[in-house]
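Since chain U is already given, all that's left is putting chain V on it; use the hints.
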Amino acid sequence: MTEVTATPDLYLSIDSLWKAFGDFLALKNISLDINEREFVCFLGPSGCGKTTLLRAIAGLDLQTKGTVMQAGKDVSNLPPSERDFGIVFQSYALFPNLTIEKNIAFGLENTGRSKSEIAVRVAELLALVGLPEQGKKYPAQLSGGQQQRIALARAIATNPGLLLLDEPLSALDAKVRVHLRHEIKELQRKLGVTTVMVTHDQEEALTMADRIVVMNHGVIEQVGSPTEVYREPASLFVADFIGEMNQIPAVAGSGDTVTIGGATLQSQQHGFSAGMHVVAAIRPEDVIPHGDGARSPGAPDEIETPENAFEVDVAEMEFLGSFWRCRLRHEIFGRDELIADFSINAVRRLELAEGKSLTIELPQSRLMGFAPAGEA
Amino acid sequence: MTDLSADKLPAGPAIKGKLSRDDIIMRLGMVVIALYLIATLVFPLWAMLSKSFSTFQFDLGAYELQISDEQGKYSGNIVTPAQLNAELLVLGEADLIAGSDSRMGLTQFFPDFSFRSPVMYQIRNTTETGRFLVGSELKTGTDWLELDSNTFRRVQMRPVKATGLGNFVSYFSTPALFNSIKNSLLIAVISTVVTVTLAFWFAYALNRSCMRFKGFFRLVAMAPILVPSLLPGIALVYLFGNQGMIKELLFGASIYGPIGIVIGSVFFTFPHAFIIISTALAISDARLYEAAASLRSTPWRTFWTVTIPGARYGLISATFVVFNLVITDFGLPKVIGGQFNVLAVDIYKQVIGQQNFEMGAVVSVVLVIPAIFAFAIDRLVQSKQVALLSARSVPYQPKPHRSADRFFLVYCLLVALFIVGTLGICQFAALIKFWPYDLSFSLTNYDFDRMDGGGWGSYYNSIKLGLFTAVAGTCVVFFGAYLVEKSNGFKTGRALFQMFAMLPMAIPGMVLGLAYIFFFNNPANPLNFIYGTMAILVICTVTHFYTVSHLTAVTALKQMDREFESVSSSLKQPTLKLFRRVTVPVCLPAILDISIYLFVNAMTTVSAVVFLYSPKTSLASIAVLNMDDAGDIAPAAAMGMMIFYTNAAARIIHLLVSRGVLQRTQAWRAR
Chain U
338 MTEVTATPDL YLSIDSLWKA FGDFLALKNI SLDINEREFV CFLGPSGCGK TTLLRAIAGL
398 DLQTKGTVMQ AGKDVSNLPP SERDFGIVFQ SYALFPNLTI EKNIAFGLEN TGRSKSEIAV
458 RVAELLALVG LPEQGKKYPA QLSGGQQQRI ALARAIATNP GLLLLDEPLS ALDAKVRVHL
518 RHEIKELQRK LGVTTVMVTH DQEEALTMAD RIVVMNHGVI EQVGSPTEVY REPASLFVAD
578 FIGEMNQIPA VAGSGDTVTI GGATLQSQQH GFSAGMHVVA AIRPEDVIPH GDGARSPGAP
638 DEIETPENAF EVDVAEMEFL GSFWRCRLRH EIFGRDELIA DFSINAVRRL ELAEGKSLTI
698 ELPQSRLMGF APAGEA
Chain V
11 MTDLSADKLP AGPAIKGKLS RDDIIMRLGM VVIALYLIAT LVFPLWAMLS KSFSTFQFDL
71 GAYELQISDE QGKYSGNIVT PAQLNAELLV LGEADLIAGS DSRMGLTQFF PDFSFRSPVM
131 YQIRNTTETG RFLVGSELKT GTDWLELDSN TFRRVQMRPV KATGLGNFVS YFSTPALFNS
191 IKNSLLIAVI STVVTVTLAF WFAYALNRSC MRFKGFFRLV AMAPILVPSL LPGIALVYLF
251 GNQGMIKELL FGASIYGPIG IVIGSVFFTF PHAFIIISTA LAISDARLYE AAASLRSTPW
311 RTFWTVTIPG ARYGLISATF VVFNLVITDF GLPKVIGGQF NVLAVDIYKQ VIGQQNFEMG
371 AVVSVVLVIP AIFAFAIDRL VQSKQVALLS ARSVPYQPKP HRSADRFFLV YCLLVALFIV
431 GTLGICQFAA LIKFWPYDLS FSLTNYDFDR MDGGGWGSYY NSIKLGLFTA VAGTCVVFFG
491 AYLVEKSNGF KTGRALFQMF AMLPMAIPGM VLGLAYIFFF NNPANPLNFI YGTMAILVIC
551 TVTHFYTVSH LTAVTALKQM DREFESVSSS LKQPTLKLFR RVTVPVCLPA ILDISIYLFV
611 NAMTTVSAVV FLYSPKTSLA SIAVLNMDDA GDIAPAAAMG MMIFYTNAAA RIIHLLVSRG
671 VLQRTQAWRA R
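Chains as they are written, first to last, in our numbering: chain U, 338 to 713; chain V, 11 to 681.
These are calculated hints, taken from the structure and not from any lab test. Every clue listed holds true.
Restricting the straight-line Cα-Cα distance to at most 30 Å, the calculated cross-link-like pairs of lysine-lysine (BS3-like) are:
| hint | chain 1 | residue 1 | chain 2 | residue 2 |
| --- | --- | --- | --- | --- |
| 1 | V | K587 | U | K452 |
| 2 | U | K439 | U | K512 |
| 3 | U | K474 | V | K582 |
| 4 | U | K474 | V | K587 |
| 5 | V | K149 | V | K171 |
| 6 | U | K439 | V | K568 |
| 7 | U | K410 | V | K26 |
| 8 | U | K522 | V | K582 |
| 9 | U | K410 | V | K587 |
| 10 | U | K439 | V | K587 |
| 11 | V | K582 | V | K28 |
| 12 | U | K452 | V | K582 |
| 13 | V | K568 | U | K473 |
| 14 | U | K474 | V | K568 |
| 15 | V | K28 | U | K402 |
| 16 | V | K496 | U | K473 |
| 17 | V | K496 | U | K474 |
| 18 | V | K26 | U | K402 |
| 19 | U | K439 | V | K496 |
| 20 | V | K171 | V | K359 |
| 21 | U | K452 | U | K527 |
| 22 | V | K582 | U | K402 |
| 23 | U | K473 | U | K527 |
| 24 | U | K402 | V | K496 |
| 25 | V | K582 | U | K473 |
| 26 | V | K501 | V | K394 |
Please read these numbers as outputs of a predicted model, since none were measured by experiment.
Bound conformation, chain V alone:
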């Protein structure tokens, strides 16, 4: 029976399968979601990248002028602004560098210019593509244009666009700008070391000791996730600011700057580090500890040879996640950074403050590099972590140890005090009439409509954004993940889709927001109409938080039997029926998790949307920022706490709904 000659595949094309209706539907679905990701992520980032390489410069040789005498007679002498500048040395080389919107008048080249003078001027472009403005009217072409003095003072040159590294050169030759790189890295490294250390011992206490109140501590540790990152900044202002309650503790140092950013960063990144490390510590194997004990290892040695190696992937992962969060954060350094410049704030200052979009794009590119680096290492580490899990591991059961348990209890109480205290200060500040002069309680700070920040409307907008993001985002993310995970063939398409889905994690919010301006605010873009609407905020937020949601969905889907789709198609049932009847109900807990994740983040995010809101779509988190900026710190704290309570309520509702839904639809889980 064995055909000995048969070990070479015969030539000729491979069989091409006929696509079933389901295959076609699923591929179309994947194409639609991939197009969505391309339009909302790839194109905007591309627009930003090309912006960072486009330079603008005034070309003084691109215009020709003729000047009459006082009788209106021309001598026939033609000059260019370049020649005039060479004589008069009005402008240096650096003065000619411009932005896309820059304009420059011509009168500076005529020291005796007077708009009342009867002198007449003629001007033209030397090339067909040349441009200048008279008032707001754009003039192109090479025809001479005659103007009187009064009109000539309203002539403005427009810069010439080119592609090159000019923006980067000027970035790195401006110390005020590139010093931010050093500052950002410094802040990120210090905050990461502090947060990971604190979170490790906190997680260790919760997983490896027998102290009491573990549930309470777990709850407290998660609280900072519910507030915008800038809220701890406000608390720090109240504690250590110029009129701070306990500013003496800083011994004259200023909270506005690196100290404030580090403390605030520790606050808002703590839960992220805690979750990751806690998961790593929870899966450690008790058998290793028994082996260590039977070998008479000292606790110290066991800690370094068993505990730390077991949690090392978690520690590394937490390190890079925290690093990424700190270096890309915008809200906190904006509030408490003072004169201490960091990259994320530089983007904001360049774009909003100076309207220098090209430079904003350059800073974005600079910021993306460490963020992508941290992201890549984190992914690498997480892919290894999976291999560490073993089905035969025995969970570790801590044994009571009086002094250690007491030590950990005190430690956790201190950390909890830091977190609860920070929130408490904000709530206290929100209720005080006028710190520090009138300490009576009042609700005047909640009268947001009288403040500069969008009023209560912005709060309702935030809730709207949260709900839209949760609903639309969950649908897109889960359906997309399903298509990638469960469709057949189409390998390149799926790999590409996976890559797009992972990309948002590496893109800082500020960068994404700026990229959206470049892409969607371009009048030539057919999607331009969504600019300034709630839709763009929803799309931006969904994209910004796509990766974690996608991974949650993929994890849930991977736990589903691979053969459900095979069985369903063998029974000639449409895959969408399987999706509706089986996949969605079974994955409902994960779906609810994704929606609450999106809701909470939509409520707290500042960075991406700060470039995209319009007066009609102002948000609560933006209002906190703007009220703080305007000096209304107490109302800012009040609004920040409104976000906290809303998110806490959303979490509780999510918990109740999940439990109810689980009881109703997941009865099968009980044996």
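For reference, chain U alone in the conformation it holds in the complex:
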């Protein structure tokens, strides 16, 4: 191993990591840097390798090839007990026959701390996770959310440099999950501990992470901040996996145009050579409604003939509480429908209803071109 010059805040560095289970490659040449105090989420569908990667970082299941550097030290082949991390599992993995206090104290024993020091630290941690009175209870007497907080307290008890969270919220009710999401994020910010969380829940990743690592079939599809990953997906997979995305078969034009069913539309720069089959993609909320040609009172001034604008029929409308999801038809889409999310105001203003028609605009900056799935 050559000498590594760690930038001041580089904490975890994964280089060319491979993991093979027999002939199956679970991780293919993964390289990733994680900075100190950063909260990183591994996001992807089940079987994408995200948990395998986490377990390799922990040393629980060793990678087949590649290196893991933690705090400037090569830990690639070390057993978990010789690495520096705390871990929380989906199942909480609390010791059922030990009280909450003893669970939290488990890792504090044999570390040269006196009994009273341990007791002080346990009380401190219980207060930190907001369960100061529960120390004498057994895990089974707590709710799932409370148990997960205890597991968290146990994991951070020894002040590890790295906190690993393996789908920590997946076993919880939706309400508890949202609440705990926020709490874990708060706690992480307060402690400043570098954290890696594995999740298949995009909402969880978007709300909690500083950076998201989107994985699929053992490779990293994209690394970026939540907004980057959402607004500028690097591949059709990322675009499809995170949020909703219209996917329209198209043919690439020169540089910044795509042709959909004969109509040429302005798009972002896509880098495909003209004539290639691509997928034109736009998020439902990026579709701009313009009414049926007539200006509506109170609407912002519009360009006379906006680019990428055309008239569509409203085939179906679905009320989803805070907005309307509309299925729009146009001959260029063939038998497919364009999905657009319109605000309640817009629907009221434009007096939209099933069967009516309206002009929509697909803004050039939000219309993207991707290689079709399977060709990536």
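Just chain V now, with coordinates in the frame of chain U:
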């Protein structure tokens, strides 16, 4: 970000993890227990197998003789016993087949031999490896040895060892021996059909009807587990034997033989079949019955399309377990089999009766085949049963049905009468002074020290064996199961260990016991010193009952969160601390179950230990066998019932301890 070229693992060696201290400790532990299983199971079985293929034969051409005249003058004429035999035809081909300990004199080749004659003899081996005895002195080498007539009559040839199928050939050419295969299979099949049928309806009544006294019936059904398998044989002798109370009911047929073995086998295998079938019936899904009812299925049709398929794995499993128990059982056919030979008893007769160890090994090999077959099918079926369980199943709640409930109550009462009656007869017999002549009650039959069977000492030995087996066995089994279940990597080692752990189930007790003789009684074996001690009985019993204990431990361990070890190592705590603080306390109920299982079986087992006890380490179950053999049937019954009461007491203590321990250490289970 996607590297398109990256879908081939680069060449070069995979990363080798550094082993932590825990990894090393756990691997060492696994190696130690695997070595234990190899020394106590694999090697003995290997010794037995090779014994069955080693043949011994007298080689009459291997010696040369010179005979002087009455003046002591030699003519220089050298003869071999082979030449003499060719002239005189003293021995046929079959007479030359021998065992390892056989010896044969030479005087039979000299029709006018007299030990008072002044004729002198000279003898030598024709090869360096030849052997003969003069008295008890072994002579090898090719030097001539001169002997007078009186000494020459004490010359004995020793057989030559070879490897081959000779033992099997002679086994299958002896009808008296290979008929036992047919007998054993016949008995096993009939007993299995009867037991499984009886147990199915008993379990059905307990799980699917609303009859009363279910707890009582459940208790009674389990009672036969607490006694040696030969005890029902003694009861049958009292009922139907030559002086039996109700022998007229057999209309002249003899209880000594297949009838007795079948009835006794039904008695001692009933609980095993009942547990398995009852478990299968208990997990059936009520939703299927609701669906059947809504489709207007008749009860008969529902029974065949829902009940039986739901319990089919249980039924198949019970069938093979019972089959295995019956075909490998030794105690019962020994007591009640009469002239009806079965395989397990043949092993005993060959080894103890005729000292023909090679033939004993051959019969063992023959017996192992159906046992392994039954075992393999049972394992296959059980692995499927797991997949049948569904978390969403709704337990079936039987509804009262007056006539059916009454029918089942009568049925269960009859079965309970059979079980309780059998035990009752034994207890009655034990208290009667001298059946059938003096029917007054007395305790003379409990004066075991005056009987031929080891006396009260054997009873205390049994308790000692039970306790040692329970303690040592539970430790070895549970720790071994933990290492297999929870250690990382080392895949081949773990798979091999699993295989060793499953093997004892397929090995009949008689076979194991005999294998132990071959292995441990070999003076060249450094472990020879444990032969004839309590230690070998403990080791043999632990090994004999290893599999069920191991499976119990593994089941309990599988219910533990897989990630406990990960959490513990991330907290930098030794795995053994986790084992002591969490694993053992959480698994305590299973650990107690294993220990009572081992204790009860150590108290009742006959088959494996019958070859291994010494006068100092005689056991209660062996005493039952030996007293029965000696005609002291009443004391045998008394000792058998002592085993029953001891096991019943042990069960009660186990229940109380479990409950107490649960209350103290398992408070966390309550929400």
